[in-house]
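Peer 1: For reference, the chains in residue letters:
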Amino acid sequence: MADGRSRPVYMDHAATTPTRPEVVEEMLPCFTERFGNPSSIYALAREAQVTMERARGRVAEAIGARPENIFFTSGGTEADNWAIKGVAAANRKKGDHIVTSSIEHHAVLHACQALEKQGYRVTYLPVDEFGLIDPAAVEEAITDKTILVSVMAANNEIGTIQPVAAIAKVAHDHGVPFHTDAVQAIGAVPIDVDAMGIDLLSLSAHKFYGPKGTGALYIRKKTPIGTFMDGGAQERGRRAGTENVPGIVGLGKAIELATADIEGRNRRIVAMRDRLIRGILETIPDTRLNGHPVERLANNVNVAFRYVEGESILLMLDALGIAASTGSACTSASLEPSHVLTACGLPHEEAHGSLRLTLGHRNTDDDVDYVLSVLPRVIERLRKMSPLTPG
Amino acid sequence: MTRVITMYSERVMDHFTNPRNMGEIPDADGIGEVGNPACGDIMRITLRIEENRIVDAKFKTFGCAAAIASSSMVTELIRGKTLEEAWGVTNKAVAEALEGLPPQKLHCSVLAEEGIHKAIEDYRSRHGAPKANGE
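Chains A and B supply the protein sequences, listed in that same order.
Start counting the first sequence at 1; every next residue gets the next number (the numbering used here).
Start counting the second sequence at 1; every next residue gets the next number (the numbering used here).
Hint data in this document are derived by calculation from the structure and do not stem from the laboratory.
Watch out, some of these pointers could steer you wrong.
Pairwise CB distance ranges (calculated) [said to hold, decoys possible]:
{"no.": "1", "chain 1": "A", "residue 1": "S373", "chain 2": "B", "residue 2": "G128", "range": "32 to 38 Å"}
{"no.": "2", "chain 1": "A", "residue 1": "R92", "chain 2": "B", "residue 2": "M7", "range": "39 to 45 Å"}
{"no.": "3", "chain 1": "A", "residue 1": "T283", "chain 2": "B", "residue 2": "M7", "range": "47 to 53 Å"}
{"no.": "4", "chain 1": "B", "residue 1": "Q104", "chain 2": "A", "residue 2": "R66", "range": "56 to 62 Å"}
{"no.": "5", "chain 1": "A", "residue 1": "G345", "chain 2": "B", "residue 2": "G23", "range": "32 to 38 Å"}
Quick list of in silico lysine-lysine cross-link-like pairs, BS3-like style, CA-CA up to 27 Å [unchecked claim]:
{"no.": "6", "chain 1": "B", "residue 1": "K118", "chain 2": "A", "residue 2": "K85"}
{"no.": "7", "chain 1": "A", "residue 1": "K94", "chain 2": "A", "residue 2": "K222"}
{"no.": "8", "chain 1": "A", "residue 1": "K212", "chain 2": "A", "residue 2": "K145"}
{"no.": "9", "chain 1": "A", "residue 1": "K93", "chain 2": "A", "residue 2": "K221"}
{"no.": "10", "chain 1": "A", "residue 1": "K384", "chain 2": "B", "residue 2": "K118"}
{"no.": "11", "chain 1": "B", "residue 1": "K118", "chain 2": "B", "residue 2": "K58"}
Cβ coordinates follow ideal geometry from the N, Cα and C atoms, glycine included.
Assemble the whole structure, with the sequences as input and the hints as a guide.
Peer 2: Structure (structure tokens):
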């Protein structure tokens, strides 16, 4: 590695996290020894079922729910699709209007857009410059045809934590169920579905050191929702398909570890986050912090550098052994920059120059020092190439 | 710098990490600025032209690695060429010289061709020459 470093610096934990060894260890026997199909009736299958139900209990425990209200899915995207399309289908006679925000993950936004093509109406609430949704705006948007309010618990790009409890209360005052995409929030923010008034919650294991391809949807009892996957009678007849037992067991172990002592572990990560933010803003001119200064995920740094483009930043950082992410369009097929950054009011050219660094438990102060030592050089180099740089 | 495995060819990464002809010619004879900050790409080409020949070409680019590499490559391709020859350097030629570009990045090579055309047009309009017949 450059600068004599022996290992790369991974700062893209909002994209995915490494699976913890303790999690892998619990998963492994489910592939080889306890491989039974939980739906079968012999002893081997019962073993698989017992481990799966233990995982369900752990997920329920982590969010203050009952085990029978946890339904395993293939991940956060399926959980979001199920919540939104399932509630829409079950309420077709009652109403046709959904309230969500303009900064949701594409799993929510594109599910809503698919419903719009079927004749549903969707309100995409704006956010302020910090990415916050105003509960009063939710109140204004709700009509007597509203069947669902869906607002994410924390944003994946800028890390802004939403006032979920206040928004849920507004929804309930109007008799409307509330869904939250908590994919980025689990393990980072304490979640209690009862205390926060959450009726539906999506989560995904690989965001908190669990395996990819496994997630869950929490469904509060009596919430009207259709089935999403038709087939066998798994998941009490509500989500067909042979359960991904190894993944589910991994999810259970990962969520147990992730939600134990959130505050204690956040303290260390917040210190690194704030040092990164301060260091970047102090040493690199024409730079701004995206997202909220306080209501922000412990591990999220998102900054916009004027006059430069994000993909170029990423490739130069990659060459220096640093893995990060950007809201620039140049990493995708479209030319549109991040919908989250533009919703926060960033001009397109600044949205293109954004860099997201998301920390994890394995990051060290040394990693922070290294990023702070090389990033100014990278930005300076690209600014020298840019015709937008003044002077 | 460690070699990075990306969607780009080695040639693109080479021109991105070691761009040729980066900068701006003072009092250039022809200037071409193309692109749009909203789309994340702006290219500014400056030319020194003597006796109908491009004796120097420089670029400044705001954009992704493909945009920077395309700018670098196109300035290499047109240096020493007559204006007519330079006009004929296509986006395809730029992309081929870079050992290919990912499909979603081909517009970067188009931008490079446009930048050269605009700079030559600028030179011709300032020198009263007729507009190019090739376009």
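Peer 1: Against this structure, judge whether each hint is valid.
Peer 2: Checked hints:
1. A:S373 to B:G128: 32 to 38 Å: 54 Å Cβ-Cβ, so the 32 to 38 Å window is violated.
2. A:R92 to B:M7: 39 to 45 Å: Given range 39 to 45 Å: holds, Cβ gap about 43 Å.
3. A:T283 to B:M7: 47 to 53 Å: Distance hint for T283 (chain A), M7 (chain B) is violated at roughly 31 Å.
4. B:Q104 to A:R66: 56 to 62 Å: Violated, since Q104 (chain B) and R66 (chain A) (Cβ atoms, about 47 Å apart) do not stay within the stated range.
5. A:G345 to B:G23: 32 to 38 Å: holds, 34 Å
6. B:K118 to A:K85: violated, 50 Å
7. A:K94 to A:K222: Cα-Cα ~16 Å, so holds.
8. A:K212 to A:K145: Not OK: K212 (chain A) and K145 (chain A) at ~37 Å, beyond 27 Å, violated.
9. A:K93 to A:K221: holds, 20 Å
10. A:K384 to B:K118: holds, 22 Å
11. B:K118 to B:K58: Distance of about 14 Å is within 27 Å: holds.
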